[in-house]
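**Student:** Could you build the full structure based on these sequences and the hints that come with them?
Chains as they are written, first to last, in the numbering used here: chain A, 1 to 546; chain B, 547 to 755.
Just to be clear, a hint being listed does not mean it is correct.
[Stated by the list, open to error] Computed list of lysine-lysine pairs in DSBU-like fashion (alpha-carbon distance at most 30 Å, straight line): (1) K200/A / K568/B; (2) K721/B / K635/B; (3) K11/A / K544/A; (4) K200/A / K544/A; (5) K22/A / K721/B; (6) K676/B / K666/B; (7) K721/B / K568/B; (8) K20/A / K729/B; (9) K348/A / K200/A; (10) K422/A / K544/A; (11) K568/B / K20/A; (12) K11/A / K348/A; (13) K638/B / K20/A; (14) K500/A / K354/A; (15) K200/A / K422/A.
[Claimed, not checked] Facing chain B, from chain A, some residues (calculated, C-beta under 7 Å): (16) I178; (17) R190; (18) G236.
Because the hints were derived from the structure by calculation, they are not lab data.
Positions of the beta carbon are idealized from the N, C-alpha and C atoms, including for glycine.
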Amino acid sequence: MANGTIALNGKSFYEEGTTKAKSGIFAWILSTDHKRIGLMYLTAIAFFFSVAVIIGIFMRLELISPGKTIMEAQTYNSLFTLHGVIMIFLFIIPGIPAVFGNFFLPLQIGAKDVAFPRLNLLSFWIYIIGAIFVLVSLVLPGGPIDTGWTFYIPYSVRTGSNVSLAIFAAFILGFSSILTGLNFVTTVHRMRAPGMGWFKMPLFVWSTYATAWIQIIATPVIGITILLVIIERFFGVGIFDPALGGDPILYQHMFWIYSHPAVYIMILPAMGVVSEIIPTFSRRTIFGYRAIAMSSLAIAFVGYLVWAHHMFTSGMSDMARIIFSLLTFIVALPSGVKVFNWVATMYKGSIDPKPPFLWVMAFIFLFSIGGLTGLVLGSLATDIHLHDTYFVVAHFHYVMFGGTGTIFFAALYYWFPKMFGKMYNIRVANIGVALFFIAFNMLYFPKFILGYMGMPRRYYDYLPEFSGWQLVSTIGSWLMLIALTIVIWNIVYSIFHGKKSTQNPWGGVTLEWHTTSPPPLENFEEIPIVTHEPYDFSQLEEMKNE
Amino acid sequence: MSSIENTLETNSHRHRDDVGAKMGMWLFLFTEVLLFGGMFLVYAVYRFQYPEQFHLAGMELNTTIGTINTIILLTSSLTVAMAITALQKGNKFLSTVLLSLTIVFALVFMVNKYFEWSAKINHGIYPGSKELLEKQNGEILFFGLYYIMTGLHAFHIVIGIILLSVILAFIIRDKIVSNDLVKLENTGLYWHLVDLIWIFLFPLFYLIQ
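**Tutor:** Shown next, in the form of structure tokens:
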């Protein structure tokens with residue numbers, strides 16, 4: 001294979017498509033090529049991420065001082081709901097699997113595409129339809145949804161805002177998630193290149209595989225729960241209404257039976273990306289390959305059994321609370337296994353601190369804080385004090401934004417040369433990471449302190465003693481906006497004006513680095529035959545001759 | 547393993563992989579089981595909470611129509627299975643007849659369902675009705691669950707009718723033939739699942755008297 005951007009006898013997937021239309025918008029929106037679908041997801045997800053970031057900035061601005069600053073309380077209620085709904089259902093859940101899973105899962109297992117390319121395109125369109133439902137619910141009379149992203153009963157049944165439409169959007173997005181999940185499971189089972197046994201798969205494939213199973217197992221439960229809320233709103237059946245014999249706490253159980261595994265849908269693919277980046281930039285095979293692979297499955301399994309730790313103050317028997325608390329501590333173990341294995345991989349490695357690696361360093365720091373504060377919340381006694389305070393908000397942002405969000409950028413900066421055949425500005429990228437890291441801690445760490453002091457989450461107004469840390473946090477949000485602008489601008493600018501990249505700028509050894517940048521339509525000139533372990537860097541020499 | 551290599555060696559961008567297609571279908575059916583599983587969970591919680599009232603409310607359902615519909619649905623599962631075997635053996639005509647029969651059974655099921663529901667509604671038993679709200683909490687929930695669960699199931703029957711009709715058209719136009727019938731098999735799998743869910747719904751609502 002050549003070093004240039006074009007394969008020996010072929011064209012890159014940008015120049016050759018699966019559709020009748022050779023170029024223009026139809027060559028994209030009707031394409032069944034997993035790479036184009038991944039890029040379409042990237043575009044859509046980047047858009048919704050930006051929208052939710054702007055909403056977050058306005059929320060922080062409102063909270064800069066006590067009392068009304070720029071908006072009414074009702075507007076604030078809608079904004080924090082929208083921020084949550086968009087970030088969770090339109091950005092973080094599809095985020096890494098739909099963008100990087102789509103683009104790199106087939107490449108990493110040496111396949112031409114996913115198992116069901118047309119179903120893959122359908123998933124994308126269902127995602128778009130769900131997103132349109134969210135947007136329509138904003139403008140219709142009744143007003144935007146104001147329940148918080150958890151849609152808790154009974155308020156979600158009683159409020160006059162457009163709850164039904166917005167949560168039906170979540171139902172549709174769940175459908176898209178399920179279809180992507182079953183597509184990936186089948187792909188991993190059926191499409192691996194000759195020689196690639198289960199334990200020769202890259203770890204990103206393992207984690208995407210585990211994620212796909214959670215998508216399949218957990219998402220239908222939120223589907224039926226959402227349908228029940230909609231039925232309650234229209235017909236008043238009484239399933240969750242105590243006046244008719246129903247139980248509102250049952251709603252919370254059903255919601256979290258999905259939504260807790262969902263946080264592992266968010267974090268597992270990120271952990272897979274970390275397991276790719278660390279060996280590449282340490283020039284050293286991953287430490288504890290099987291332990292990392294198996295810990296993904298362990299997280300997927302145990303993560304299904306911890307949902308009620310969101311409900312320690314909702315009314316449960318002490319026995320149930322103790323069991324769920326214990327299980328919560330147990331689910332932290334596989335995450336710990338991963339973190340220690342990553343650190344051990346770097347030991348005596350030849351570390352090359354390029355931007356993707358720096359993002360991963362930021363991740364390990366932020367995610368560790370997020371993970372450990374999760375244990376504080378998982379302990380029964382401390383949770384009584386901290387439940388529904390800013391401490392929870394801070395914890396959640398440290399694991400989700402500091403964890404998955406950071407790794408979304410790490411993945412983007414790692415695979416950017418492969419996806420676009422271009423290279424970004426390394427210096428600007430380094431500045432971006434550094435500023436992001438400072439801004440992040442400034443924005444969210446004060447929330448731990450505020451929560452510990454007793455500031456409740458989702459409040460529009462607050463007592464004067466909280467104002468100092470609220471101000472720090474708001475200034476952090478401005479810094480964050482600058483950091484994100486730099487980080488995203490560097491990528492967007494480089495897509496059009498970046499220098500050409502070589503086939504393998506980082507010296508990675510997994511299969512995607514064996515093909516051209518950007519890859520041809522069917523990914524490889526010929527189907528690769530896998531003989532090496534996934535992170536065997538002794539093959540780098542022979543790869544130079546490819 | 548060898549089958550994987552075979553599928554990868556084909557040249558087209560869209561390859562044919564019957565085992566993969568069936569695996570995808572089984573995974574989808576798994577999600578359907580979990581969708582209904584959420585409802586069965588709710589049912590279990592409230593049945594445990596109000597056993598007598600569920601018993602009382604169950605008496606008001608028409609066991610005869612329920613039994614007839616069970617027999618109809620079981621038979622339709624048989625005909626769709628036979629339609630697959632017929633096509634495998636190359637008998638296209640018999641396959642289309644059996645598939646049409648399956649669709650007819652499904653339609654009869656829906657007609658029965660219509661009469662059953664409208665009889666209940668005429669008696670004033672529907673969510674939010676005055677007569678229902680005068681009953682005890684357990685009975686209100688029983689009928690709520692009855693409408694939701696049989697309604698969701700009936701919705702799946704309607705989807706099934708559409709799917710079976712499309713597949714029938716494919717067979718008539720020779721787009722599904724004896725050596726390439728995974729679409730028919732998958733539709734059959736779906737239909738068996740719809741049948742299977744009814745097998746659980748029937749005793750839980752009609753036979754707890």
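**Student:** Confirm or reject each hint.
**Tutor:** Hints and how they fare:
1. The straight-line distance between the Cα atoms of K200/A and K568/B is roughly 25 Å, inside the 30 Å bound, and the hint therefore holds.
2. This hinted pair checks out: K721/B and K635/B have alpha carbons roughly 16 Å apart, not beyond 30 Å.
3. For the proposed pair K11/A and K544/A, the alpha carbon gap of about 21 Å is at most 30 Å, so the pair holds.
4. For a cut-off of 30 Å, the pair hint linking K200/A to K544/A stands: about 22 Å separates their Cα positions.
5. Between K22/A and K721/B the alpha-carbon distance is near 28 Å, which keeps this suggested pair within the 30 Å criterion.
6. Of the supplied pair hints, the one linking K676/B and K666/B holds, its CA atoms being roughly 13 Å apart against a limit of 30 Å.
7. Taking the CA atoms of K721/B and K568/B, the gap is near 18 Å; set against the 30 Å cutoff, the hint holds.
8. Taking the CA atoms of K20/A and K729/B, the gap is about 25 Å. The hint holds against a cut of 30 Å.
9. This hinted pair checks out: K348/A and K200/A have alpha carbons roughly 23 Å apart, not beyond 30 Å.
10. With a C-alpha separation of about 19 Å, the suggested pairing of K422/A with K544/A holds against the 30 Å cut-off.
11. About 29 Å separates the Cα atoms of K568/B and K20/A, which keeps this hinted pair within 30 Å; it holds.
12. Of the supplied pair hints, the one linking K11/A and K348/A is violated, its CA atoms being roughly 41 Å apart against a limit of 30 Å.
13. As the CA atoms of K638/B and K20/A are separated by approximately 34 Å, the hinted pair breaks the 30 Å bound.
14. With a C-alpha separation of about 17 Å, the suggested pairing of K500/A with K354/A holds against the 30 Å cut-off.
15. Distance hint between K200/A and K422/A is fulfilled; the C-alpha atoms sit about 29 Å from each other, no more than 30 Å.
16. Because the beta carbon of I178/A sits about 5 Å from the nearest beta carbon in chain B, less than 7 Å, this interface hint is met.
17. A hinted interface residue such as R190/A counts as satisfied when its beta carbon comes closer than 7 Å to some beta carbon of chain B; here the least separation is about 4 Å, so the hint holds.
18. At a threshold of 7 Å, the smallest CB-CB gap from G236/A to chain B is about 5 Å, leaving the interface hint in force.
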